[in-house]
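Asks: Chain residues, written in single-letter form:
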Amino acid sequence: DAKTTQPNSMESNEEEPVHLPCNHSTISGTDYIHWYRQLPSQGPEYVIHGLTSNVNNRMASLAIAEDRKSSTLILHRATLRDAAVYYCILRDIRGTSYGKLTFGQGTILTVHP
Amino acid sequence: EAQVTQNPRYLITVTGKKLTVTCSQNMNHEYMSWYRQDPGLGLRQIYYSMNVEVTDKGDVPEGYKVSRKEKRNFPLILESPSPNQTSLYFCATSSTRGLKNSPLHFGNGTRLTVT
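Protein sequence lines, in the order shown, are assigned to chains A and B.
852 is the number that our numbering gives the last residue of the first sequence; the numbers go up by one with no jumps.
446 is the number that our numbering gives the last residue of the second sequence; the numbers go up by one with no jumps.
Among these hints, one or two may not hold up.
[Claimed, not checked] Subject to a maximum C-alpha distance of 25 Å in a straight line, what follows is the list of computed DSS-like cross-link-like pairs (lysine-lysine):
| no. | chain 1 | residue 1 | chain 2 | residue 2 |
| --- | --- | --- | --- | --- |
| 1 | A | K839 | B | K400 |
| 2 | B | K349 | B | K400 |
| 3 | B | K402 | B | K388 |
| 4 | A | K839 | A | K742 |
| 5 | A | K808 | A | K742 |
| 6 | B | K349 | B | K388 |
| 7 | B | K348 | B | K388 |
| 8 | A | K839 | B | K388 |
| 9 | B | K396 | A | K839 |
| 10 | A | K839 | B | K402 |
| 11 | B | K400 | B | K388 |
| 12 | B | K348 | B | K400 |
| 13 | B | K402 | B | K349 |
| 14 | B | K349 | B | K396 |
| 15 | A | K742 | B | K388 |
Source of the hints: derived by calculation from the structure; they are not laboratory data.
Turn these sequences into a full structure, and let the hints steer you where they fit.
Replies: Right under this line is the structure:
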């Protein structure tokens, strides 16, 4: 199963944009790119996902490179509540591969007031 | 309200004493999965289930058992717990209908300590 690589940590100031990168050079055509975040003392929560086109929702934007080998999660205005561990994972929608998921260590985002 | 409920939230036990961590969901999801989270190692998948009576190993299945007798429940069983199974455990679910738009929903975790 394809793996992802993320920086261990990043820092931002409150109300500034944050760009969290993810590399997935071995991505297959049936892999969707998912982002989750884990706030302190909580389970991970879904943020956004996409296949080829850029995606926006109320939480964030997802920018996907044209060759799909990398993606960037964009938080347009970071708040203190956005401080969390962010995970980028690949989810293969083929039935035989759908179940197995590899999370990795994620990126610890620190937001300064 | 859509929920994934894990019980207990905290558990301290001794080596060798069988235990079960329960996971229940009210979203009629086909897919359920268990993860453990350890410092420096991130989330690692233990077992997953694509539907009732269908289970498969994840990356770290040794020392664990699961069963999926009904759709809403997916218990994690430790027949003979050992200290290296001390960890934070998460259950996750998702629908397999419309695979393109089926995010994972996680429970709040179970912190297990084996002495």
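Asks: Hint by hint, say whether it matches the structure.
Replies: Comparing the hints with the structure gives:
1. A:K839 - B:K400: This hinted pair holds, its Cα atoms lying about 20 Å apart.
2. B:K349 - B:K400: Distance ~20 Å between K349 of chain B and K400 of chain B Cα, so the pair holds.
3. B:K402 - B:K388: Roughly 18 Å separates the two Cα atoms, so the pair holds.
4. A:K839 - A:K742: Holds - the C-alpha atoms of K742 of chain A and K839 of chain A are around 12 Å apart, at most 25 Å.
5. A:K808 - A:K742: 11 Å, holds
6. B:K349 - B:K388: Judged against 25 Å, a Cα distance of about 20 Å means the pair holds.
7. B:K348 - B:K388: Between K348 of chain B and K388 of chain B the Cα gap is close to 23 Å, so the pair holds against 25 Å.
8. A:K839 - B:K388: 8 Å, holds
9. B:K396 - A:K839: With a Cα-Cα distance of about 17 Å, the restraint between K396 of chain B and K839 of chain A holds, given a limit of 25 Å.
10. A:K839 - B:K402: 19 Å, holds
11. B:K400 - B:K388: Holds, because 17 Å separates the two Cα atoms, which is no more than 25 Å.
12. B:K348 - B:K400: 23 Å, holds
13. B:K402 - B:K349: Since the Cα atoms of K402 of chain B and K349 of chain B sit roughly 24 Å apart, the hinted pair holds (cutoff 25 Å).
14. B:K349 - B:K396: 11 Å, holds
15. A:K742 - B:K388: Holds. K742 of chain A to K388 of chain B sits at ~18 Å (cutoff 25 Å).
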